[in-house]
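The whole structure should be built from the sequences, with the hints applied where relevant.
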Amino acid sequence: MKHARVAFEGAIHHATEADGKLRLADGRRLDETAVVWLPPVEPRTVFALGLNYADHARELAFKAPETPLVFLKGPNTIVGHRARTRRPADATFMHYECELAVVIGRTARDVPKERALEVVAGYTVANDYAVRDYLENYYRPNLRVKNRDGCTPLGPWLVDAADVPDPMDLRLRTLVNGTVTQEGHTRDMIFDVPTLIAYLSSFMTLAPGDVILTGTPEGLVDVKPGDEVATEIDGIGRLVNTIAPESPEAEQS
Amino acid sequence: MDTITRPPVQGLVYGTILNDRPSLERMGGALNQPPYGKPPQAPVLYIKPYNTHAGPGSTVRLPRGADRVDLGATLGIVIGAPATRLGEATALDAVAGYTVVLDLSLPSPSVYRPLVREKCFDGACPMGPAVVERAAVPDPSDLTVRTFVNGAEVAVRRLSDLVRPVPKLLADVTAFMTLNPGDVLLAGVALDLPQAGPGDRVAVEVAGIGRLEIALGLDTALEGDAR
Numbered sequence: 014m015k016h017a018r019v020a021f022e023g024a025i026h027h028a029t030e031a032d033g034k035l036r037l038a039d040g041r042r043l044d045e046t047a048v049v050w051l052p053p054v055e056p057r058t059v060f061a062l063g064l065n066y067a068d069h070a071r072e073l074a075f076k077a078p079e080t081p082l083v084f085l086k087g088p089n090t091i092v093g094h095r096a097r098t099r100r101p102a103d104a105t106f107m108h109y110e111c112e113l114a115v116v117i118g119r120t121a122r123d124v125p126k127e128r129a130l131e132v133v134a135g136y137t138v139a140n141d142y143a144v145r146d147y148l149e150n151y152y153r154p155n156l157r158v159k160n161r162d163g164c165t166p167l168g169p170w171l172v173d174a175a176d177v178p179d180p181m182d183l184r185l186r187t188l189v190n191g192t193v194t195q196e197g198h199t200r201d202m203i204f205d206v207p208t209l210i211a212y213l214s215s216f217m218t219l220a221p222g223d224v225i226l227t228g229t230p231e232g233l234v235d236v237k238p239g240d241e242v243a244t245e246i247d248g249i250g251r252l253v254n255t256i257a258p259e260s261p262e263a264e265q266s
Numbered sequence: 002m003d004t005i006t007r008p009p010v011q012g013l014v015y016g017t018i019l020n021d022r023p024s025l026e027r028m029g030g031a032l033n034q035p036p037y038g039k040p041p042q043a044p045v046l047y048i049k050p051y052n053t054h055a056g057p058g059s060t061v062r063l064p065r066g067a068d069r070v071d072l073g074a075t076l077g078i079v080i081g082a083p084a085t086r087l088g089e090a091t092a093l094d095a096v097a098g099y100t101v102v103l104d105l106s107l108p109s110p111s112v113y114r115p116l117v118r119e120k121c122f123d124g125a126c127p128m129g130p131a132v133v134e135r136a137a138v139p140d141p142s143d144l145t146v147r148t149f150v151n152g153a154e155v156a157v158r159r160l161s162d163l164v165r166p167v168p169k170l171l172a173d174v175t176a177f178m179t180l181n182p183g184d185v186l187l188a189g190v191a192l193d194l195p196q197a198g199p200g201d202r203v204a205v206e207v208a209g210i211g212r213l214e215i216a217l218g219l220d221t222a223l224e225g226d227a228r
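Residue numbers (the numbering used here), protein chains in the order written: chain A, 14 to 266; chain B, 2 to 228.
If you're looking for bench data, these hints aren't it; they were derived computationally from the structure. Some hints here could point you the wrong way.
Unchecked claim - Each computed DSBU-like pair below joins lysine-lysine, with the alpha-carbon atoms no more than 30 Å apart:
| hint | chain 1 | residue 1 | chain 2 | residue 2 |
| --- | --- | --- | --- | --- |
| 1 | A | K237 | B | K39 |
| 2 | A | K76 | B | K39 |
| 3 | B | K169 | B | K39 |
| 4 | A | K34 | A | K15 |
As the list claims (entries may be wrong) - Here chain B is said to cover these stretches of chain A; the calculated rule only asks that three of the stretch's residues, wherever they fall, bring their Cβ under 8 Å from a Cβ of chain B:
| hint | segment |
| --- | --- |
| 5 | 85-95 |
| 6 | 148-160 |
| 7 | 215-228 |
The beta carbon of each residue, even a glycine, is placed where N, CA and C say it ideally should be.
Next up, the structure:
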């Protein structure tokens with residue numbers, strides 16, 4: 014089953030997918046444009062992976078890491094499907110990153126790799142924008158690049174783990190204004206989903222609502238105000254975001 | 002038996018390094034060498050997630066294979082109002098109060114990559130014992146932070162050493178990310194820190210704010226126990 018959180022007529026609802034429409038708990042069926050999409054989970058701890066696809070590591074001129082390059086994100090950065098993400102006025106290179114997001118469903122510590130998928134509630138799509146102008150070599154990627162308000166769209170759906178037979182067999186891609194700019198396959202992750210869960214849970218307790226963004230393949234393109242960025246993962250969802258200018262005045266025009 | 006108590010705050014914790022003059026002086030010329038290249042421009046931040054939060058009296062177990070931990074004693078700035086793009090002059094209006102924080106971190110010589118295994122093990126962020134309201138602290142830069150191991154004082158730090166004092170830090174952080182009520186921003190953790198290990202009792206005291214005491218233990222988690 015596919016789950017969403019949406020705002021509709023002044024209230025927040027849990028919705029499920031039914032024949033391409035949203036179905037509210039009371040039975041109402043709505044078009045996807047009739048609601049405001051919220052992130053499908055209210056994330057607790059958000060982990061993200063850097064350089065977790067060999068092609069992307071090469072693209073950035075890094076050799077693949079020997080242990081997972083993990084960084085954390087705050088709730089301020091998460092927004093839902095069809096949101097607008099603001100590009101700072103002084104940015105010269107802001108790029109999307111299409112990523113498989115793993116949502117943890119159980120409290121978990123010291124989970125062996127073979128049993129790691131048992132603690133997964135489901136999967137969704139993330140777009141982990143980065144503003145490269147602000148990269149600094151201290152705790153890189155630093156929070157000014159990766160933890161900006163509204164810069165990590167998540168959604169549209171949380172897809173139950175039971176409906177995803179193999180998270181390592183999924184195609185993902187990004188389209189900017191309808192043109193494919195990034196393509197990859199989750200089998201090319203350097204550290205796969207079970208390995209990441211085993212690694213993180215080896216020193217910390219994972220909890221329901223924790224989210225792991227598993228990294229992105231190559232194909233980074235600068236995106237500008239007005240661009241529509243769709244990050245897609247087959248069987249999981251198509252997450253749409255629009256780039257907006259930073260100044261509030263320009264946003265009103 | 003649960004050995005982690007609840008801290009007096011509920012939000013997320015954001016830490017800061019290289020926000021004290023002694024640490025920048027200690028880095029010295031390395032700030033201009035690879036992999037760093039140049040001194041930091043924006044505040045250097047990291048996140049202490051919820052699994053690290055602990056309260057007074059906790060026994061914090063070090064991860065397997067770790068026998069020493071850095072004792073990053075500092076001041077926690079507890080946010081009281083939604084804080085976005087604060088101006089330096091009015092930034093303290095968004096502060097509810099202050100608490101004592103002991104940022105535990107496995108020693109690492111490098112600050113190039115984010116430290117997650119080192120900084121995010123369960124219980125690695127003891128805080129408390131209470132939040133002291135802002136009005137009781139005229140100027141956080143006047144505070145002194147003392148660290149004790151088994152009763153002996155091992156470090157004294159005056160927050161007059163901050164590169165970005167609390168209002169400036171709040172302004173520069175909230176320029177790009179919102180802090181929410183209940184979140185805690187650490188005033189800055191130094192690089193040259195005392196250490197302790199399993200069996201030690203650690204206390205951090207900030208006059209006027211409080212005294213936070215914890216104990217360190219060994220990790221007893223069992224392989225394959227998918228709790």
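For each hint, the structure was consulted:
1. A:K237 x B:K39: holds, 29 Å
2. A:K76 x B:K39: holds, 22 Å
3. B:K169 x B:K39: Holds - the C-alpha atoms of K39 of chain B and K169 of chain B are around 21 Å apart, at most 30 Å.
4. A:K34 x A:K15: Measuring from Cα to Cα gives roughly 11 Å; hence the hint holds.
5. 85-95: holds (count 6)
6. 148-160: holds (count 10)
7. 215-228: Satisfied; 6 residues make the cut.
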